[in-house]
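Q: Generate coordinates for the entire structure from the input sequences, incorporating the hints supplied.
Number of protein chains: 4
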Amino acid sequence: MSSQYGKKIKISVFGQSHSSAVGVSIDGLPAGITLDIDEMRSFMRRRAPGQNDISTARTEEDEPEILCGLVNGVTCGAPLAVVIRNTNVRSGDYNETLDIPRPSHADYTAHVKFDGHQDSAGGGHFSGRLTAPLCAAGWICLEILRGLGIYIAAHILQIGSAKDDPFDPAGVSKKDFDAIKDNPLPVLRRDAADAMRLQILDAKEKEDSTGGIIECAAVGLPAGLGDPMFDGIENRIAAIVFGIPGVKGIEFGSGFDGSARNGSGNNDSFYMDNGIIKTRTNNCGGVLGGITNGMPVLFRAAFKPTPSIGMEQGSVSLSRLENAVLRVKGRHDPCIVPRAVPCVEAAAAIALYDAYLDSSVSV
Amino acid sequence: MSSQYGKKIKISVFGQSHSSAVGVSIDGLPAGITLDIDEMRSFMRRRAPGQNDISTARTEEDEPEILCGLVNGVTCGAPLAVVIRNTNVRSGDYNETLDIPRPSHADYTAHVKFDGHQDSAGGGHFSGRLTAPLCAAGWICLEILRGLGIYIAAHILQIGSAKDDPFDPAGVSKKDFDAIKDNPLPVLRRDAADAMRLQILDAKEKEDSTGGIIECAAVGLPAGLGDPMFDGIENRIAAIVFGIPGVKGIEFGSGFDGSARNGSGNNDSFYMDNGIIKTRTNNCGGVLGGITNGMPVLFRAAFKPTPSIGMEQGSVSLSRLENAVLRVKGRHDPCIVPRAVPCVEAAAAIALYDAYLDSSVSV
Amino acid sequence: MSSQYGKKIKISVFGQSHSSAVGVSIDGLPAGITLDIDEMRSFMRRRAPGQNDISTARTEEDEPEILCGLVNGVTCGAPLAVVIRNTNVRSGDYNETLDIPRPSHADYTAHVKFDGHQDSAGGGHFSGRLTAPLCAAGWICLEILRGLGIYIAAHILQIGSAKDDPFDPAGVSKKDFDAIKDNPLPVLRRDAADAMRLQILDAKEKEDSTGGIIECAAVGLPAGLGDPMFDGIENRIAAIVFGIPGVKGIEFGSGFDGSARNGSGNNDSFYMDNGIIKTRTNNCGGVLGGITNGMPVLFRAAFKPTPSIGMEQGSVSLSRLENAVLRVKGRHDPCIVPRAVPCVEAAAAIALYDAYLDSSVSV
Amino acid sequence: MSSQYGKKIKISVFGQSHSSAVGVSIDGLPAGITLDIDEMRSFMRRRAPGQNDISTARTEEDEPEILCGLVNGVTCGAPLAVVIRNTNVRSGDYNETLDIPRPSHADYTAHVKFDGHQDSAGGGHFSGRLTAPLCAAGWICLEILRGLGIYIAAHILQIGSAKDDPFDPAGVSKKDFDAIKDNPLPVLRRDAADAMRLQILDAKEKEDSTGGIIECAAVGLPAGLGDPMFDGIENRIAAIVFGIPGVKGIEFGSGFDGSARNGSGNNDSFYMDNGIIKTRTNNCGGVLGGITNGMPVLFRAAFKPTPSIGMEQGSVSLSRLENAVLRVKGRHDPCIVPRAVPCVEAAAAIALYDAYLDSSVSV
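Protein chains in written order, with this note's numbering: chain C, 178 to 540; chain F, 178 to 540; chain B, 178 to 540; chain X, 178 to 540.
Errors might be hidden in some of the hints.
One copy or two, it doesn't matter: identical chains are merged, so the pair holds either way.
[As the list claims (entries may be wrong)] Calculated pairs, DMTMM-like style, for lysine to aspartate or glutamate (alpha carbon to alpha carbon, straight line, at most 20 Å): (1) Lys-351 - Asp-292; (2) Lys-506 - Glu-489; (3) Lys-340 - Asp-434; (4) Lys-351 - Glu-216; (5) Lys-340 - Asp-353; (6) Lys-506 - Asp-450; (7) Lys-383 - Glu-240; (8) Lys-383 - Asp-371; (9) Lys-455 - Asp-276; (10) Lys-352 - Asp-342; (11) Lys-358 - Asp-371; (12) Lys-358 - Glu-320; (13) Lys-358 - Asp-215; (14) Lys-455 - Glu-216; (15) Lys-352 - Glu-489; (16) Lys-340 - Asp-276; (17) Lys-358 - Asp-345; (18) Lys-340 - Asp-215; (19) Lys-351 - Glu-320; (20) Lys-358 - Glu-216.
Read the hints as simulated data drawn from the structure, not as lab findings. Every value quoted in this text rests on a predicted model; they were computed, and no experiment measured them.
A: Laid out in structure tokens, this is it:
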């Protein structure tokens, strides 16, 4: 069930970078929810390519078509399917990678798994293009959660050596989320955006690329969401976030830093705040024993640098089984992190809304 | 499906810290595999408490009883169930936590989710005790993988400020795994074991605790295991590793460090090595596009410090809904990391063997 | 996930007829439900062997042990595991079937699937013995449903040529269920019990066996349970009922008879009954489009005659690959139908309670 | 996951009768399989409406568009998505059913489940229209199975009182399947087709409808497919066949008739046939203990008469909550059974190919 996710909200993503379309079927949405597809369009525009000098030159019109599941803009309880046509396809750029796999890309593993029959054009089903339907499905969950008073937003925490301020783990609120929107890049500190932009342009100029870290927070979640052991909130979020191309790590709350601390320095004391149980710190990232504790859910995802770079790289020829040299042509993002921000929000929203519905019996 | 995991190998873990037993049912094991339960016993002993001065004073005889699934020591294709009786139970130690939840423990979230009916003794179903059946199931997968020439081992990379050498990402081999076994703690560098021991004893003396990082590697895996998007090797391993109590982060290959690099510094060039396609570096941790590339699969898991500490902490009274002060009594590990090493190996083995069987059609 | 069932209530059945125990883990039970294990015991006694002259001579003490999931008789939200020890095992009776498979039994297919490593003693994992844990899990669901005002009961509709009255499809109520309990066999009409008993004794005397049909009804279900297409109530019930050994057919409402009718003769007209929407007839068996309509859910399951008979039968030798003659020794039920009645109730309860929890969001 | 099915081959069906399209995403197809979409088209034509005087007057061009998953007509390992546009939509015909539900149709249960937001036009997601994508997915599985030497075909066994000959349970072969194709209706005996046609025309003239029974056989299956208990071949086939609108019963082999027999009359003796183990009869329908025994898999599905009839029927007004009278307008099939034959073949193919892939490890 490789491209499917969810227990109550089941998404099924399909498409290749250069097939006639990419899309997603979303099964399990409640009926009676009004959706404004224009807002879906503007959310999806945040991940669309070709917007500025720091992203790829390709300009892709991410135009979602709702095939079913909506009647007069209201969900009807049937699966909702969204299709996005692929336009501006230039397969020619990719023929070489069919024989000479791009280092750190899925070209080689797809070749092995699919026995040479994989669609290599533009990365096929492994392309970042597949995050377009993910964002379409995620936006719907974000909308529904918003109606429940649950808000999710992400920002770029780091690109190369340029860093933004982290969210205040215990204090992050919807206000911080709005601040992110006002900057040219999704960050909390304006000057961080400028520094990051320089890092990306520098990599671009060198025909190189750079990676980064995205931090995501969800506020307004009730305590009690998630299940023990293998269906905890961390398991659920990790299982979908690692589905975003380029993600190589995830941590919740104080994460790896916290593991170097003592318990006395990492434990989150409880206290009463106007009749509500809160914690003074939020090193657990809002999750204890896999279950939300009512504090903001907070995690960070590490994105590797875009593997497609123009510089010369060592590779092999799959047909001749000998060493080869590769220079990736085509138009690529020097850094996918800015465009990945809405994808992380979308993934978190799907996981958390699915957990919300799955937990609703016990909660 | 909270305490179940797997697609082809379905494990179902049950039990509470102080119920009459903990156990696991393992569905989907191939028939005809000979299992030596003595070896299961010695593997489980690695996580058993009360072994030395750095772990809890509780001594628990982890004696696995095989209820079914084996005929004369050979798997018969039916689900294999293992039960481990809980002995030496002292519920008295835990009564207080029913009303005053331990900071950063699951006491509070379990209380909310299960509406006050949770088994609070010893953490109930959220206890590290549940890793005993996980290890029983994992050992079986480790054994089967070993028969396939696939070896998995983990070591402590860091406790507090004491660090071990990391595995050589591209060069780690079974030899390194044997080295780990010769040390008092599972590490590569003898003196690292000593330094870690001091960190733990120091925390213990202060009635405090400490966390750490475990690094795990799997060698001998064929290329082509795992599936695109949500069933990639990273998704699968993360989904089970976050089921081990205390894990707050996971990263593959260069992980978070790699996200600060440029593509030219993080990409793994391919080359031919006696007719086999390898990569010179292994910053991807053996996984590209969710699929194994034939190099060692390498990941690190961050464990938070044990939340149960003797020092005074701030909490609340769930009955009186007012602030309260807590001093956790009972016997606890100042650091669960050493005992968690076999648990990480077990989790990785279950995820990788499940992916192996699930991929076997296409591979 | 061969021996697992359910989406919200996940049962995982394990054990073989002659392993040290059979059992089940039940994941997903709500916390706070009081269970009286004595009542579980008496429910399980209804399927236990050796009760009278029409069942096998084996007497099995079906003594359930609750390993976990209960605290002072109340569910705690953790998986509940029940183990039933196998006693009075006489493997000797079955050695022959390892080489000469019993016609219409799973001996041969288990041999093929598990490559000769299957546990052949008493049918191993394919034995009717596995319905003991099914009944344990089912009783819990029956109890919870009872608390919700939902009642389920089954009766023997037919054994050989002896027939009971069918339930009144639109009018069946809890009162009819109580009537069933007063008869020596679970039927509505006393004399039907006598006629069935004679059929069974006749088959027994001839060292033959007989099959039968069980009819099951659930009353008190709200409208709106179940999902479209592949998760309809019929799909869900069929998927678990075919897990009871010997079931070869299932039909809902007018079923096969209805398929010979015209729409005008099979459609169920709606009408208002004191503000409640009902149907005058119930040929749909309470399910329309996979979803309950508030009328009784009604289905019938066809059980084949017990394949194990003392008469001489033609078979083959798996070792010599030549024709062979078989006379099944050992003690067998001439008719398993009477003992299967609680199993059908249990299966229906698990499927319906699982659907109830899975639907609770939309309902 | 209401409209999803499968473990290795995951289909996800979407669409409503009058939405812009219906479709299906098929996840898990092996790469490298050549598919001729013209053949898919002709297979789908078998279920398309408007072909003759015995089906609805609607003429629907079932034109499948492959969105992805194919590269130059060869599967590439990525999910394959098929979309079929809905044409010739006349919602006007259905407005009344929004308030006055059609007896024995899903109008009322959909209204309850989706709280009045369901798409009532043409039955919405509950329409037989959804079997178009099911056939698209099923045809692909039929094609792949054909390449493995496994053939599946169904015929109409009964419509009203008109009966065809049943398949010879132990002897049915691909030859019989070809015979079916030569008749105006899919039956074995030409005159049966004529008799059935008269039954349908008679019902049509009376503005009534009729149901029927479809028998399906699969030949060439290896022994050993399927799993114990809840993943047996019967469970798997039933779980998808009940997803075809109108199915109210299913039986395997001798099914309900067999339940009235004695074991000596229903058991299938084994014998050697040129080194192959076969059974002389096939009352088990090719399945023992949920696992194929190498004989033809044989089952029958009961279809209720089309609920939509022109005759006056009793119903209720959902808005006024009072009794009402309904005369269904619009164009409907007096009998959907002929068009359902390819749907049953498709469902069986999906279930059996999924079981084939899921079993391939053990087999």
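Q: Each hint needs a verdict: does it hold in this structure or not?
A: Hints and how they fare:
Taking the shortest Cα distances, Lys-351 and Asp-292 never come within 20 Å of each other, neither inside one copy (48 Å) nor across copies (29 Å). For the identical chains of this complex, Lys-506 and Glu-489 are intra-copy neighbours only, at 10 Å inside a copy versus 61 Å across copies, given an alpha-carbon limit of 20 Å. In this homomeric assembly, Lys-340 and Asp-434 come within 20 Å of each other (Cα to Cα) both inside a single copy, at 16 Å, and across copies, at 14 Å. In this assembly of identical chains, Lys-351 and Glu-216 lie within 20 Å of each other by CA distance solely inside one copy; the values are 19 Å within and 52 Å between copies.
For the identical chains of this complex, Lys-340 and Asp-353 are intra-copy neighbours only, at 17 Å inside a copy versus 37 Å across copies, given an alpha-carbon limit of 20 Å. In this assembly of identical chains, Lys-506 and Asp-450 lie within 20 Å of each other by CA distance neither inside one copy nor across copies; the values are 58 Å within and 27 Å between. For the homomeric pair Lys-383 and Glu-240, neither the shortest alpha-carbon distance inside one copy (33 Å) nor that between copies (49 Å) is at most 20 Å. In this assembly of identical chains, Lys-383 and Asp-371 lie within 20 Å of each other by CA distance solely inside one copy; the values are 19 Å within and 46 Å between copies.
Taking the shortest alpha-carbon separations for Lys-455 and Asp-276, only the inter-copy value of 16 Å comes in at or below 20 Å, while the best intra-copy value is 57 Å. For a Cα distance limit of 20 Å, the shortest separation of Lys-352 from Asp-342 inside one copy, 15 Å, qualifies, whereas the shortest one across copies, 43 Å, does not. Proximity of Lys-358 and Asp-371 under a CA criterion of 20 Å is satisfied intra-copy only: 15 Å inside one chain copy versus 50 Å between copies. For a Cα distance limit of 20 Å, the shortest separation of Lys-358 from Glu-320 inside one copy, 17 Å, qualifies, whereas the shortest one across copies, 51 Å, does not.
Taking the closest pair of Cα atoms, Lys-358 and Asp-215 come within 20 Å of each other only inside a single copy of the chain (18 Å); across copies the shortest separation is 50 Å, beyond that limit. For the identical chains of this complex, Lys-455 and Glu-216 are neighbours neither inside a copy (34 Å) nor across copies (42 Å), given an alpha-carbon limit of 20 Å. Taking identical chains as interchangeable, the C-alpha atoms of Lys-352 and Glu-489 are never at most 20 Å apart, the minima being 45 Å within one chain and 35 Å between chains. In the homo-oligomer, the alpha carbons of Lys-340 and Asp-276 never lie at most 20 Å apart, since the shortest distance is 38 Å inside one protomer and 42 Å across protomers.
Taking the shortest alpha-carbon separations for Lys-358 and Asp-345, only the intra-copy value of 17 Å comes in at or below 20 Å, while the best inter-copy value is 42 Å. For a Cα distance limit of 20 Å, the shortest separation of Lys-340 from Asp-215 qualifies neither inside one copy, at 33 Å, nor across copies, at 52 Å. Within a single copy, Lys-351 and Glu-320 get their C-alpha atoms as close as 14 Å, which meets the 20 Å cut-off; across copies the closest is 45 Å, which misses it. Within a single copy, Lys-358 and Glu-216 get their C-alpha atoms as close as 15 Å, which meets the 20 Å cut-off; across copies the closest is 52 Å, which misses it.
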